[in-house]
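Asks: Using the hints provided, position chain W relative to the given structure of chain D.
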Amino acid sequence: MSSPEGGPLLEGALLEARGVQVEFVTRSGHAARALDGVDVSVRRGEVLAIVGESGSGKTTLARTLIGLQRPTTGEVLLEGRPLTYSTRGLRNLRSRVQMVLQDASASLNPRQTVYESVAEGIRLHKTVASDEQARNEAELVSAAMAEAGLRPPERLFLRYPHELSGGQKQRVLIAGALALRPELLLADEPVSSLDASIRGEILALLLKLRQELGMGVVVVTHDLGLAWNIADRIAVMYLGRVVECGTTEEVLTAPKHPYTRALLSVVPEIEELEPVVLTGEVPDPSRIPTGCRFHPRCPALADGSAERAGIADACRTAPLEILPATGLHRVACHLDRVLSAQPG
Amino acid sequence: MSGATELLAMRDVHVAYRTTEGTLPAVRGVDLVVREGEVVGVAGESGCGKSTLVSTVLRLQPKDAVVSGDVEVLGQDVQTISWGDLRVLRWASASIVFQGALHSLNPVQRVGRQIAEPILVHEPALPADQVQRRVVELLDQVGLSAARGRAYPHQLSGGQKQRVMIAMALACRPRLIVADEPTTALDVMVQAQILDLLRDLVRDLGVGLLLISHDLSVLADVCDRVLVMYAGRVVEAGTADQVFTDPLHPYSQALSGAFPRIGDPAARYAPAGLAGDPPDPRALPSGCSFSPRCPRAVDRCSEAEPPLVEVAPGRPVACIRVGEP
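So the sequences go chain by chain: D and W. Taken in order, the first sequence gives residues 1 to 344; the numbers are from our numbering. Taken in order, the second sequence gives residues 1001 to 1325; the numbers are from our numbering.
Just chain D, same shape as in the assembly (with noise of 0.2 Å):
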């Protein structure tokens, strides 16, 4: 099996969700599954992102795979390994996975320098004593904002966030996360709140870092274009489920799940689709739909295609299965069963 990019994909999962759970109980004292089961896994140096609306619950689960939600059921596996959930469990975890927040500027301390800010994870997971050139903290820090592309890292030492544009304050959080070296880079929406022109840097930059570094990157997004630009594989989430998973060209040029088809729709540069507008929004994860979760806003069964397939009442009462994350191209779709299953 090769990458798209002609490098050979590393068998094994580095990271990996198996049928995660997460409930919250809301006050009312209903059960919301934020996370219904759901199956990713990620390899070395692969690029995966996460694909949903709000609602979907793909933020819940970057915060599961890096232990800051603990799943209800399901576990969370490192190379294999459960997490266990002790301090010194989760200081593993966390030398070898890092998290970019979504908002930068929300994420940094307005009264740390940029200096403090990178260094306060080497002090933490005590990473001088482990670096194998010996670097000094200084060092590690100049030589993370340089990767961060942050350059020349010293004159922005005792910078305060308030004097860096939006772009720089991204750049800070990755340089902290990088300054672990670590072997996966979770980033939640890392360009929604950044300018256009912007974007192509950080993107550019973590492209850089997987290459140069072997880092695997998490993305979670809803910008199906940022998927477009960066990631291997993709999987589709909606209302707690992946509802399509396969690689970035199998997923965004020839998508199966009406989910999807809708999405990409909706991207305004695509001008070849027929926009597919959704009415409604995710539905409360309190009360997920019977049979197919989508079903009550599926364009397939509202025009009648999974009528003329006879699947309508599969769609409103037959649950669908978890997708497993073997990496093939994977939907979760009655309609879809039916039409790959007839021949041509």
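Accuracy of the hints is not assured; some may be wrong.
As the list claims (entries may be wrong) - Covered by chain W, according to a simulated footprint, are these stretches of chain D (three or more residues, beta-carbon under 8 Å):
1. 191-200
2. 203-216
3. 252-265
4. 275-283
Hints in this document: simulated from the structure, not taken from any laboratory. These figures come from a predicted structure and were not determined experimentally. Yeah, the Cβ is synthetic: ideal placement off N, Cα and C, and Gly gets one too.
Replies: Just chain W, lined up with the frame of chain D:
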């Protein structure tokens, strides 16, 4: 289209902020017209002056801003009319849907009541049942059920709150609506819903819409004409399609390229970006203010600020290298 009434006419508008470190030019000579039934977009990044420009439309600019040039709404000079006339003009002639609208609703008041507020202010004699009827009508216009009017903002999703903001803007039946980043922070599907709604309103009510966004692809989708701003100036204008698919200014080209065409093999593993940050308005580069970041810049570019010249009818571009190989 050119025969339709000019709802908004801005001519050579300059806005500078007085600061302790001297004046800071935010908008430097912008011309812009919005006609009835027309959607005009202004694209640009943070700090390009687009929000400052918008604030002058209803004289909402901060006290320390100095405005020169003409800003006319329905023929009235907004910057000089009396306070009383301005009050009538706001909401009733033109209204604004602000950026960050999701946080500008009053959290402890039902949204129906908030939609009614501008009506109560402008038509105090209107009986309560008629106000209520108008609110229901407005909710319907923006695709919300009458029952939603009884909700508090926290009970609504982002898209629903944005719909409430649009209903408020429509409350006094204005002829011009200005929307500053109306879909930022919304999901793609909700964004598509809101853009559809705005399009329908323009078609059904014949209002003029001025749409501000950093996302050129959003503007390309909805607007008739688009202006691209950089460092306080318009650097290119044209039909939405021209500016998005055939941009002539190197900055517009970078903005347009920042949103890849999904399925385009050239964009795979090749995110397009632009090095550097927009210039500090206190220390604008000499000559063309885009030249330090411009991939096509030559020595001549730093000599003088390039004028906005029509390279084709309705196609002004401020770049001396347009048409050069």
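Asks: Each hint: holds or not?
Replies: Verification of the supplied hints:
A count of 6 residues in the segment 191-200 of chain D with a Cβ less than 8 Å from any Cβ of chain W is obtained; the coverage claim is therefore met, three being the minimum. Here the segment 203-216 of chain D counts 3 residues with a CB under 8 Å from a CB of chain W, which clears the bar of 3, and the coverage holds. By the rule of at least three residues with a Cβ nearer than 8 Å to a Cβ of chain W, the coverage given for the segment 252-265 of chain D holds, with 5 such residues. Counting residues of the segment 275-283 of chain D whose CB lies closer than 8 Å to any CB of chain W gives 5, so the stated coverage by that chain holds, three being the minimum.
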